[in-house]
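Protein sequence lines, in the order shown, are assigned to chains P and W. Just so you know, full-length UniProt numbering puts 163 at position 163 of the first sequence, and the rest follows in order with no gaps. Just so you know, full-length UniProt numbering puts 127 at position 127 of the second sequence, and the rest follows in order with no gaps.
Where hints are given, some of them may not hold.
One copy or two, it doesn't matter: identical chains are merged, so the pair holds either way.
[Stated by the list, open to error] Taking lysine-lysine and the DSSO-like style, the derived pairs with C-alpha atoms no more than 27 Å apart in a straight line are:
1) K142 <-> K114
2) K304 <-> K142
3) K114 <-> K56
4) K215 <-> K289
5) K142 <-> K215
6) K289 <-> K114
7) K304 <-> K215
8) K256 <-> K114
Rather than coming from a laboratory, the hints here were simulated on the basis of the structure.
2 protein chains.
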Amino acid sequence: MKTLDSTLFEDHLRQRAADMERLLSDLLDSTVRDDEIVRPNHLLAAMRHGTLNGGKRLRPFLVQESALLFGGDPEAASRVGAALECLHSYSLIHDDLPAMDDDDLRRGQPTVHKAFDEATAILAGDSLLTYAFDIITAPATKLAADRKVELVLALSRAAGLGGMAGGQALDLAAETTAPDEDGVITLQAMKTGALLRFACEAGAIIAGASEDDRKRLRRFGEIIGLAFQIADDVLDVTSDAATMGKATGKDADRGKATLVSRNGLDWAERRLDQLVTEAVELLQPYGEKAQVLVATARFVANRKS
Amino acid sequence: MKTLDSTLFEDHLRQRAADMERLLSDLLDSTVRDDEIVRPNHLLAAMRHGTLNGGKRLRPFLVQESALLFGGDPEAASRVGAALECLHSYSLIHDDLPAMDDDDLRRGQPTVHKAFDEATAILAGDSLLTYAFDIITAPATKLAADRKVELVLALSRAAGLGGMAGGQALDLAAETTAPDEDGVITLQAMKTGALLRFACEAGAIIAGASEDDRKRLRRFGEIIGLAFQIADDVLDVTSDAATMGKATGKDADRGKATLVSRNGLDWAERRLDQLVTEAVELLQPYGEKAQVLVATARFVANRKS
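With the rest of the complex left out, here is chain P (with noise of 0.2 Å):
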């Protein structure tokens, strides 16, 4: 397969981030929609603190590039990826609060409990959250109802207790559990990986692609969350505070033990290679068309920020 440039990958990736901005700023500005009552000023700010960071916009992406890979409308998928990254905007609102993985710094700006207060930050997460719901089934997202129905349901299940929600409370007991390395892997797969699980399969959803293709992509969204996951270890090893925008070092501090702490760089080297292979090798039969996904692979796999 004809690979994509890592420059030109790069650049459409940062136009995408760019746009996608822009759209989560309209979704979250002060006009009262149906049903509304007020949009309080304090929370919206901190809601939009909260989300408009100049963050990479990695999910959204990835539902953007696997619905136009079927032919999905691209406008639907910018819409769902935006209430996917408000979900994922709400999951690092309330990880960084004190009572969590008290953070003080998240792409180099203080956290929304730093930056308004404890109280304001839940309640901002918690209507991100529940605004990820509002967005996908509003009469702006031109989707029909049975696939708005399959999307809610599969955002919730991946975002829930058995999915990311129940991946960060294993990942707080696990500061004292120490859990096994398929322990690390159920938690990770649940913390991480099943929000980019979600991203890959909605495209397909959106696009209304067969089962097989669903599957498919559904698959690709897991080797992205490994890549991510390994690549994230790594760098919490190798990076410095400074290129992060956020500490590092935690997971050694905390003595939380990560697949990358337990069998070193060189295994972390050798199995991202392996998960872009098998990316590779999955998506072989959409030819070119998937050349955007499969550089994204190479993209997660190789990230150094």
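Position chain W relative to chain P; hints supplied.
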């Protein structure tokens, strides 16, 4: 309109609450559903603690009775009611947190962050909120996709920044900003009213009632919300902690004005009478079929705990 004996009504409400407790317990069991990876025990236990607490289950009751009024499917209404109760339980868990209202007791039991810890309480709330949307869209809820979409949209708007969560933000701010009477009305309509309004409207959505019927039930839900809040504010003044199973007199302690503290107990009694009268007139067109809903309005206005 024939009035329903209040003892009969309360038996009916209690029976429904017992059924709802069983349904909630089933939904919150340890069985891993499709697309879930693991249901972590500790998190699940916290979710159960915050939900299975012998509440009156007024919100699901309103969903069920509103659906029955228009011939909606009782089983689907029960599941939507259970979803709403999960969402209501999340709001109580988060409201009780130290950074919010800082309450140690709820229905005479330790609040979730007391029985578990703060991080687990935050995640249990997040997971219950997420699970509400899962329950509505799951295949086991036998409703057409377009109705599920309407329910998810209406619920997310009622619960989000322009509804319940926004109302809680305004309520926390009210300790320092001292809103005027209109401000108090708005924040109460958001914090308490929006979810009760949704409960009544949801029945009409489930049953596919006409737009006119839906609007009527929506207004009925607003009346229930207003009466519920005034009765609550009366109880905060007149009741004691033993009856309520939670701290009372808190609004006065915090210098928070309620409509009752502003206008007095006599005003409250007259206003509750007016609201019941409006509810009766509103449901007049449905005749005897609406007698349970009318009895619910009376019950909410007269409740003693």
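Classify it for me, K304 with K142: is the Cα-Cα distance of at most 27 Å met within a copy, between copies, both or neither?
-> For K304 and K142, the Cα distance exceeds 27 Å both inside one copy (36 Å) and across copies (47 Å).
Can you give me the call for K142 and K114, within, between, both or neither, at a CA distance of at most 27 Å?
-> neither (38 Å within a copy, 44 Å between copies)
Homo-oligomer pair classification [K114, K289; C-alpha up to 27 Å] | Cα proximity of K289 and K114: none, with 44 Å in one copy and 54 Å across.
Could you figure out if K114 and K56 sit no more than 27 Å apart (CA to CA) within one copy, between two copies, both or neither?
-> Classified as within: same-chain Cα gap 22 Å, cross-chain 38 Å, threshold 27 Å.
Intra- versus inter-copy proximity for K289 and K215 (alpha-carbon distance at most 27 Å) | Answer is within: at 18 Å inside a copy they meet the 27 Å cutoff, but 48 Å across does not.
27 Å Cα cut-off: does K142 pair with K215 within a copy, between copies, both or neither?
-> both (24 Å within a copy, 25 Å between copies)
K256 and K114: within-copy, between-copy, both or neither at 27 Å Cα = Both. Shortest intra-copy (25 Å) and inter-copy (26 Å) distances satisfy the 27 Å Cα cut-off.
Intra/inter-copy verdict for K304 and K215 if alpha-carbon distance must be at most 27 Å | neither (30 Å within a copy, 54 Å between copies)
Against the hints set out earlier in the document, violations occur for numbers 1, 2, 6, 7.
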